[in-house]
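If you want the building blocks of each chain, they are given just below.
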Amino acid sequence: MYTVNIAILTPFIVALFIPFLYKRLSAIHTGWFVLAVPVALFAILASYIPAIANGETFYSSIPWLPSLGINFTAYLDGLGLIFALLITGVGSLVILYSIYYLSKERESLHHFYIYLLMFMGAMLGVVFSDNLLVLYVFWELTSISSFLLIAYWHHRRQSRYGAQKSMLITVMGGIGMLAGFLMLSSFAGTFSVREIIGGMGDYASHALFVPAMLLILLGAFTKSAQFPFHIWLPDAMEAPTPVSAYLHSATMVKAGIYLVARFTPVFGGEAVWFWVVSIVGIVTLFWGSFTAIRQTDLKALLAYSTISQLGLIMTLLGLGSAALHFDVIDNQSFYYSLAIFAALFHLVNHSTFKGALFMVVGIVDHETGTRDIRKLGGLMAVMPVTFTVAVIGSFSMAGLPPFNGFLSKEMFFTAVLRIIELPFFSVETWGLLFPIIAWLASVLTFVYCLILIFKTFFGEHQPEKLEKSAHEAPFGMLVSPVILASLVVAFFFFPNVLGEFLLKPAYGAVMPAFIEAGVFDYQIKAWHGINTELLMTLGIVGLGFVLYRSLPRWVGVYSLFPAKLSLDRLYNGALISVERRSNEITNRYMTGNMYHYLLYIFLVILGLVYTVALTTGALSFDVSNDAPISIYEGILAAVMAITAISILFAKSRMTGILLNGVLGYLVALFFVFFRAPDLALTQLVIETVTAALFLLCFYFLPDWDKQKHKTKPKLLNGLIAVATGAMVTVLALSVNSNRLFDSISAFYENAYELAGAKNIVNAILGDFRAFDTMLEVVVLLIAGLGVYVLIKLKASKGGRDLEGK
Amino acid sequence: MKANDVILRTVTKVAVFIILTYGVHLFLAGHYEPGGGFVGGLVLSSAFVLMYLAFDIETVQRGMPIDFKMVAGAGAFLSVATGAASIAFGVPFLTQEEAHLTLPIFGDVAFASVILFEAGVALAVIGTVITIILSISEDV
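Protein sequences, first through last, are from chains B and V.
So for the first sequence, the numbering used here puts the first residue at 27; every next one is plus one.
So for the second sequence, the numbering used here puts the first residue at 154; every next one is plus one.
Hint data in this document are derived by calculation from the structure and do not stem from the laboratory.
Bear in mind the structure is a predicted one, so any value in this text is a computation, not a measurement.
The reader is advised that the hints may include incorrect statements.
[To be verified] Here are the simulated DSS-like pairs of lysine-lysine, each with C-alpha atoms no more than 25 Å apart in a straight line:
(1) V:K222 x B:K818
(2) B:K401 x B:K494
(3) B:K49 x B:K130
(4) B:K49 x V:K222
(5) B:K820 x V:K166
[Claimed, not checked] Covered stretches of chain V (in silico footprint by chain B; criterion: 3 or more residues with CB under 8 Å from a CB of chain B, positions within the stretch not fixed):
(6) 162-174
(7) 228-237
(8) 273-284
A virtual CB, placed ideally from N, CA and C, is assigned to each residue, including glycine.
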């Protein structure tokens with residue numbers, strides 16, 4: 027019943043056991059245990075394919091905070107399934123590959139696999155969550171786990187830089203997305219994505235509709251490395267290659283695609299959506315492919331190619347949303363919505379060929395010690411299997427038959443050609459740019475695919491430039507790329523199996539109206555006659571080949587861009603200046619002097635409380651309801667006052683602490699008078715423990731009389747002290763006379779019926795407000811560990827500056 | 154500094170057991186009478202602190218080889234886990250239940266799942282307080 031919810035949680039649960047498996051069974055590569063998770067999940071999820079293809083959906087909800095509408099709700103439909111199968115399927119292959127890629131002896135595998143499992147669970151959570159806030163939590167968890175994975179070789183400066191960059195950019199987008207989600211749920215009145223889609227017609231007029239949409243798109247664009255947020259992806263290539271293959275080509279970067287597809291039914295009817303998504307997509311497509319050509323590092327080349335391909339998918343999603351602008355659902359509007367179908371098809375194809383290509387580059391790197399195309403060459407004879415996989419992957423990416431990339435590329439061309447015929451949006455003027463840019467970008471794609479193949483595998487083998495003597499990869503490392511490459515070919519010959527069982531239900535999740543109306547009728551065809559699309563492909567091959575041959579002559583184009591104007595430069599500059607500014611500001615008030623900090627705290631409190639009290643007229647005194655003051659209470663209060671005053675005149679710190687303790691015990695005595703024995707008890711114990719702690723700390727403090735106060739601060743201190751004391755007294759006296767809200771104590775009066783507890787205090791702590799208590803316990807733990815670490819660190823480093831500056 | 158602490162040690166040997174018993178009582182009674190995880194934990198930790206004060210740290214550690222950081226972690230984990238466990242029963246996070254059992258000697262006894270939660274609180278309190286005190290006192 028909760029299969030999908032459990033599927034999301036399984037990777038997290040398994041991750042808990044990884045450290046033990048790593049330690050106890052160190053003879054076996056930890057990857058083998060981890061491999062079982064995605065394989066099992068893939069099998070379970072695959073068993074849903076027939077039902078999903080029949081149009082069924084699955085929904086299960088575990089209540090979390092039902093009173094706030096936040097529940098751990100899993101929703102399985104075609105769109106979620108296609109992503110989940112990619113996550114678990116490519117995940118299995120990547121883990122299998124990583125077993126051979128990462129050395130058991132040298133790497134801290136338990137860290138790696140814990141992060142990877144965490145990432146996998148988070149990704150499944152993103153694609154299956156129906157609740158916006160839960161979705162957001164998983165979304166940020168993918169950013170965090172990706173941060174940890176990129177920084178896996180954290181001793182390298184570049185790894186840390188790349189991790190920080192990806193984290194800053196994706197988390198910034200994620201926070202924008204959260205704001206968008208909150209706006210969306212505020213006018214939709216629910217956190218459930220399904221319910222929002224169900225009531226979509228009513229929102230479009232809302233003032234927050236477009237801001238919410240743009241903020242959600244910000245999240246999607248940063249995650250999917252769309253221009254101008256793409257700059258983090260090339261730096262993320264510092265991660266181990268299995269991570270690049272998995273996160274940065276097959277799954278995480280597609281979370282943005284998922285989000286755009288998921289929200290197309292909600293926002294797709296808005297013209298802004300169509301323009302923003304398609305323009306950002308096509309710019310990314312072009313810029314990615316253009317920049318890829320100048321790269322000399324194979325992984326950087328693939329990173330830019332991923333950016334470009336993600337732009338392609340994004341463009342298709344944008345173009346497809348045009349179908350929602352038609353008033354009627356018929357064959358004409360369906361005709362435009364096919365771009366969505368193409369987007370989903372290319373999504374799957376991209377995961378297969380790019381996954382294979384990343385693994386190929388990983389193999390080249392692993393077996394030769396370099397990824398620099400200026401050093402590589404002539405590897406075809408040395409690594410025949412790797413070469414074959416590389417050719418299949420690259421030609422698929424370049425959109426050549428008989429590989430799956432050809433099919434989706436043709437569908438992409440169909441979509442951009444169709445958009446010129448669109449009868450609205452005044453596309454007749456600017457619309458023509460879509461096919462032109464798309465075609466140019468595809469030419470460039472073809473060129474960098476040729477670079478990838480020819481510079482690495484053809485030409486002269488230069489063993490003297492390589493760190494290792496090149497040889498073919500071990501069998502285990504080849505299994506995964508070979509499987510992916512065979513899929514590339516299989517999808518070309520049997521595209522409609524995929525189309526019928528996976529793409530159509532996923533399309534149905536994005537464009538439900540077309541499936542319901544029964545107009546869906548589409549078969550992917552490898553041969554579609556001699557038409558514009560095919561001619562465009564032929565043109566790509568022709569021009570691409572010419573451009574590749576003449577590459578040395580026009581590569582100077584890239585130096586026309588001044589390095590100062592690059593986005594990376596902007597990012598670095600912003601980072602440095604923000605750091606410097608905030609340092610300056612912080613240093614101004616964080617003086618390291620406790621006296622100043624207390625001053626700020628008291629002044630702020632005084633200012634706030636007095637302003638509010640005086641402006642709202644909150645101060646009124648009504649003593650008629652007060653209980654009579656007994657003589658004992660009076661005496662006790664007098665004793666407390668005397669004790670408090672005598673602290674001021676204490677000559678040594680020891681006396682001060684002891685007097686402070688006395689004050690605490692006297693408060694406990696007050697609790698006894700007022701018949702609150704448990705409070706009295708707690709107060710007594712806490713007073714004892716804090717006094718003990720104080721005395722321990724006091725041992726290390728400098729001597730009391732070293733602090734000689736000048737007259738002026740002393741006067742100020744006196745003023746602040748009197749004002750603070752007066753404030754507390756006045757508030758305490760007036761608080762009983764004012765009541766803005768009804769008392770909440772009535773709720774706690776039936777503690778016995780609700781919680782079976784006779785002790786109300788405990789019922790509040792353990793039952794009614796247990797969430798607070800739980801977090802407090804965690805805070806306590808963190809504080810304790812903080813103290814421990816601070817002291818141990820100080821003891822072990824022996825005065826050496828740990829910052830290493 | 155080696156003071157004559159015969160009296161302190163003798164008193165401690167008896168007092169620790171009284172304090173520990175009292176702490177356990179406070180902890181168990183929490184649901185119905187004054188007490189509970191937090192106070193119980195504090196009283197228990199004060200017993201440990203007394204031991205550390207009366208005997209030196211090494212001696213106590215030998216007799217009671219407990220890593221209090223682990224105790225604190227286990228406590229926090231237990232609290233969160235009991236909250237999460239309610240999800241397995243299909244009720245919201247941190248829902249507590251109560252059951253009555255009739256046992257041979259004790260008669261009608263109430264079992265509230267909140268006791269597990271409170272046990273987590275108590276362990277976290279003990280672990281944290283002692284960790285802090287031990288690490289500060291070791292840092293001489």
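Of the hints given before, which are not true for this structure? 5 and 6
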